[in-house]
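We have chain A already, so just place chains R and V on it with the hints.
Chains as they are written, first to last, in our numbering: chain A, 1 to 244; chain R, 1 to 326; chain V, 1 to 296.
Just so you know, these hints were derived from the structure itself, not from any lab.
Honestly, I wouldn't trust all of these hints.
What the simulated footprint calls covered on chain R by chain A, stretch by stretch (three residues with Cβ under 8 angstroms from a Cβ of chain A suffice, anywhere in the stretch; the number is not a length) [to be verified]:
id, stretch
1, 181–193
2, 196–202
Some residues of chain R that are not near chain V, with every Cβ distance over 12 angstroms (derived) [to be verified]:
id, residue
3, Ala-14
4, Val-33
5, Ala-90
6, Gly-142
7, Gly-211
8, Leu-227
9, Leu-242
10, Val-267
Where a beta carbon is used, it is the ideal one built from N, C-alpha and C, also for glycine.
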Amino acid sequence: MLQVDGLCKAFGDFRAVNGASLTVRPGDLVAVIGPNGAGKTTLFNLITGHLQADRGSIRFRGEEISRLPAHEICRRGIARSFQIANIFPRLSVFENVQVAVLSAKGLSRSLFRPTRRLVREETEGILDRVGLLNRRVDLAGSLSHGDKRILEIAIALGNEPRLLILDEPTAGMSPEETAATLALIRRLAREEGLTILFCEHDMEVVFNVATSIMVMQHGSTLIQGPPPQVRADPAVQEAYLGRD
Amino acid sequence: MRPERSLSPARLWAFGLWLALFLTPLAAGRFTVYILGVILVTGLLAMSLNLLVGHGGAYQFHHGAFYGVGAYTAALLITKTSLPAWVGLAAGPAAAAAAGLLIGSLCIRLNKLYFGMIQISLGSLLWILALRWYDLTNGDDGIHGIPLPEILSGSGPTFTFILLVVGVCLLGMHRILESPFGTTLRAIRDNPQRCAAVGINVRRHQLAAIGIAAFFAGVAGVLFVVLEGSVFPDMLFWVLSLEIFIMCLLGGWFTFFGPMVGAAIIVLLRTVVGGYTEYWTLILGVVLILLIFFLPEGLMGVGHRLRVYRHRAAGAPSRGADRAAG
Amino acid sequence: MEAAPSLASFLSQLLVGLSRAMILFIVASGLSFILGVLRVPNVAHGSLYMIGAFAAHSIATALGGHPAGFWAAMAGAPLIVGAVSLAAERLLFRHLYEREHLMLLLFTFGLALILGDLTKMTWGADYRSIVPPPALQGSLDVLGTALPRYNLFLLLVGPAVALALWAVSTKTRFGKIARAAAVDREMVGAIGINVSWVFAWAFVLGCVLAGLGGALVSPTISVTLGMDHTIIIEAFLIVTIGGLGNIGGALVGSLLFGVTQSLGVLVLPQFAIVFPYLAVVLILTFKPTGLLRSVW
Chain A
1 MLQVDGLCKA
11 FGDFRAVNGA
21 SLTVRPGDLV
31 AVIGPNGAGK
41 TTLFNLITGH
51 LQADRGSIRF
61 RGEEISRLPA
71 HEICRRGIAR
81 SFQIANIFPR
91 LSVFENVQVA
101 VLSAKGLSRS
111 LFRPTRRLVR
121 EETEGILDRV
131 GLLNRRVDLA
141 GSLSHGDKRI
151 LEIAIALGNE
161 PRLLILDEPT
171 AGMSPEETAA
181 TLALIRRLAR
191 EEGLTILFCE
201 HDMEVVFNVA
211 TSIMVMQHGS
221 TLIQGPPPQV
231 RADPAVQEAY
241 LGRD
Chain R
1 MRPERSLSPA
11 RLWAFGLWLA
21 LFLTPLAAGR
31 FTVYILGVIL
41 VTGLLAMSLN
51 LLVGHGGAYQ
61 FHHGAFYGVG
71 AYTAALLITK
81 TSLPAWVGLA
91 AGPAAAAAAG
101 LLIGSLCIRL
111 NKLYFGMIQI
121 SLGSLLWILA
131 LRWYDLTNGD
141 DGIHGIPLPE
151 ILSGSGPTFT
161 FILLVVGVCL
171 LGMHRILESP
181 FGTTLRAIRD
191 NPQRCAAVGI
201 NVRRHQLAAI
211 GIAAFFAGVA
221 GVLFVVLEGS
231 VFPDMLFWVL
241 SLEIFIMCLL
251 GGWFTFFGPM
261 VGAAIIVLLR
271 TVVGGYTEYW
281 TLILGVVLIL
291 LIFFLPEGLM
301 GVGHRLRVYR
311 HRAAGAPSRG
321 ADRAAG
Chain V
1 MEAAPSLASF
11 LSQLLVGLSR
21 AMILFIVASG
31 LSFILGVLRV
41 PNVAHGSLYM
51 IGAFAAHSIA
61 TALGGHPAGF
71 WAAMAGAPLI
81 VGAVSLAAER
91 LLFRHLYERE
101 HLMLLLFTFG
111 LALILGDLTK
121 MTWGADYRSI
131 VPPPALQGSL
141 DVLGTALPRY
151 NLFLLLVGPA
161 VALALWAVST
171 KTRFGKIARA
181 AAVDREMVGA
191 IGINVSWVFA
201 WAFVLGCVLA
211 GLGGALVSPT
221 ISVTLGMDHT
231 IIIEAFLIVT
241 IGGLGNIGGA
251 LVGSLLFGVT
261 QSLGVLVLPQ
271 FAIVFPYLAV
281 VLILTFKPTG
291 LLRSVW
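Bound-form chain A, shown alone:
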């Protein structure tokens, strides 16, 4: 579904991503792990078009997308969440998701139909799936940090994505919130068959959830494979797990 090869991105002299490769097959729940500064967020920004790659290719469903702007990539079916709570603080929770649904259905530029009657079922359905339905009239800016991150995922779901990319979905969450979020991610992947690519710096979180793990170090791919294979890999153990 998604095939990344030899991707490079430098900021001045600093090579944030330096020859990263990644494969995501339909139905996969792929985790990218690596220490802070390994280039995970930059990699995601490159895939979703928020940054332009210096070299390398990104193919999505057979199409080269590495030169497309962010909104075009989104229209091809890749939706994402951001590491910092990236929501619309002055809109209601309902509207936050509705904006994404409207965009996915090509209704964003509709001028004379009242919004409040549009895509209501779809939007409430998504809020129900992530457990935010009872907060739908609240201002998004007034939510707790954990709920804002969940809302982020809900916004991404509003795009009816083929591939959902989550950038450290549990960052800054309490242990309870983390567990709930992971359960949500697993449910979305298993029960709804959604293909998900996410990144984490917490190892243990990842081994319990992912079907495939890619390990990043200094901007390049160390290995990608199923969890047991990654766990057993000597290079990974030395570079990453060996610290414990």
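Only chains R and V this time, still in chain A's reference frame:
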């Protein structure tokens, strides 16, 4: 913009007030009717600006340029060509929208402050043209005694016409803000990056919004011609553009009717205070600075807050209470 | 109008343009400096320029037309403007730095409205002018063209101000901190520097330049109300085409602005003022962020 709500009391009141205003030419003197006309025209201009600033988050620093384009287009077509006056009046908003799209397409390539600076630059070019192209525009003197259609003669019919057009425009703007386009515009205001990530072409959306806002500013410009029978280069001057910012700030950025309320207060203040002192701008400056310090959300923003607190004090759940007023 | 402008009229127009560019540069560099450090387009900049001109006139008149009065005016007027801006910054402006930029802009607009009327109260609506000292009166004869000495004097002052500003922003501790604060305010605060005062002095320095521009321009034009409104637009344009916050860009922009206008007089006198604006539109169409790199 709660999904459940349809007609709020505020909107019913506004509609009632609008209907009642049709009676003023019967009851009030010429001067009162004239001042009401000024308030409506200025308020429409301020509301069109707020479409971009309060709801769109764009740094539309020189909105007055489009007001002036609308007015000058109407004035020039009526005085310099043999076309019927109605054609001139209809062409004003169209020309303003075109100018909005043209200037907007240069501005939206950049963000925030640069956007504003470029707009001031380009708008000032229009001002200079109006001021210096003496053969066409009469320069500083402006164009006076613009002949209008028969039906608009006299202060009563003029006012009725303005009230009708402003009513239709308000309805249109309201529809637009409540439409998916408007919701998306507010989403762009809150977070343009996130909007791009949900597949919205942010720049194109903003450009369309600029065109729409410029159109309504052009309508206001045409109504100015209907009201005054003249145009001046000052309509294109940056000072006016910032003055209408004050009206939006005073009434409340994040409300629909706020800018109209702000315009009413500023116009009335100027009319009253201007009778006593020649230092009106000093007072305006002090009012502005007091607003910035003590009332950054404007009068209607505060009114909304008070309602929220009372609501909470009464033990009602706070759900949705923090919403910006529609 | 002659078919082809003679060398003499070309030279004298060029000098007019260049000396005008120097005034524009002094004002615009102050605006650009404030933009670079505080990120606020100071709408009150034009008013401070006007106050500089009026104050210069008052000082020169108070000293009874003595040549020293002129120099006292050139030094005193910027100081008065500096005091006004320091008061505005410390009493009001500094409380707004955390707020949205729109509010900062509107504050400077409020300040412009107030200062404009205060100028009217203090000095009235009369036209005034200042006589330069004897050494700067009359003309020099160059290649058969009479070039006014005062314009030549401005040609010396402009580069001197540019040099001084460059030295302040690159060689002094204040300049380095100010530039760092522009990029990352929190970091500068974290290393124990009082950012608030850095911002204050940056604002005052920019405003003093507006006052200096007003003082220097006073012998060449009639000083009157309303001179604030046009200069601020010109300064905005110059700063935008030069690259926001870039002092070198302000110099380039000023030269372009002053010279296109003065040479435009030779071609189309009635529309001379339009030429610089056209240049601005062309530049912004092809280089929307200005000719030189913006500091942002």
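query = Which numbered hints does this structure break?
reply = 9
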